[in-house]
Amino acid sequence: DGGITQSPKYLFRKEGQNVTLSCEQNLNHDAMYWYRQDPGQGLRLIYYSQIVNDFQKGDIAEGYSVSREKKESFPLTVTSAQKNPTAFYLCASSKAWNTEAFFGQGTRLTVV
Amino acid sequence: DAKTTQPPSMDCAEGRAANLPCNHSTISGNEYVYWYRQIHSQGPQYIIHGLKNNETNEMASLIITEDRKSSTLILPHATLRDTAVYYCIVRGNYGGSQGNLIFGKGTKLSVKP
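Chains R and W, in that order, give the protein sequences. Read left to right, the first sequence gives residues 4 to 115 (this note's numbering). Read left to right, the second sequence gives residues 3 to 115 (this note's numbering).
If you're looking for bench data, these hints aren't it; they were derived computationally from the structure. Take these hints with a grain of salt, some might be off.
To be verified - Listed below are the simulated SDA-like cross-link pairs for lysine to any residue, each with C-alpha atoms no more than 25 angstroms apart in a straight line: (1) Lys-86/R - Lys-107/W; (2) Lys-5/W - Lys-12/R; (3) Lys-71/W - Gly-45/R; (4) Lys-12/R - Lys-114/W; (5) Lys-114/W - Ala-19/W; (6) Lys-98/R - Asn-32/W.
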């Protein structure tokens with residue numbers, strides 16, 4: 004089936020460790036996005052990529068890094084520099100930068 | 003910051019129409035109105051979007067006022083599965099950061115039996 008796959012659904016890490024969240028799509032979409040959601044809040048944009056091999060910082064990029072080496076993949080690394088990494092992370096993709104975006108089911112990261 | 007204002011919560015009786023309002027008084031001519039919803043602990047789901055004409059699809063109808071300063075999402079026959087947070091988003095039709103989806107806190111719709 005076509006869609007956006009985020010893995011794993013739940014992830015636990017120790018403080019000070021980097022962790023990489025996976026996001027894969029087989030929709031042939033050009034644009035991909037990473038959002039963060041904290042309890043009771045809306046989504047905040049971390050990074051976005053409108054085309055392969057290019058990406059831009061969103062509103063809260065500090066402490067995060069991404070790569071976009073393949074059209075179908077947009078992994079997000081949460082580094083030890085991120086002060087409050089525990090959150091729900093959502094990946095999305097869209098056919099183009101100005102079309103509707105479709106979301107994965109999210110990864111809930113807990114750092115202890 | 004989000005360019006929209008929505009009530010924090012609403013209730014609706016099952017089987018009745020749910021009408022979710024959204025204010026976007028600073029919307030510009032080439033900005034679209036998008037609606038998404040998020041069921042607890044899941045990724046947001048695209049519902050509908052429009053520029054100035056009313057739009058309808060299998061999920062909902064979108065009514066945009068003539069001055070485009072507000073809109074209403076209508077779920078014609080709400081079911082318990084429509085209980086979710088509904089986000090109204092104004093999105094620019096141009097590249098760069100202005101074309102990104104900026105989410106506010108949305109409206110928590112509770113459909114009651």
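A quick look at each hint next to the structure:
{"no.": "1", "hint": "Lys-86/R - Lys-107/W", "in the structure": "holds, 23 angstroms"}
{"no.": "2", "hint": "Lys-5/W - Lys-12/R", "in the structure": "violated, 31 angstroms"}
{"no.": "3", "hint": "Lys-71/W - Gly-45/R", "in the structure": "holds, 22 angstroms"}
{"no.": "4", "hint": "Lys-12/R - Lys-114/W", "in the structure": "violated, 30 angstroms"}
{"no.": "5", "hint": "Lys-114/W - Ala-19/W", "in the structure": "holds, 12 angstroms"}
{"no.": "6", "hint": "Lys-98/R - Asn-32/W", "in the structure": "holds, 19 angstroms"}
Violation of the numbered hints given earlier is confined to hints 2, 4; the remaining hints are satisfied by the structure.
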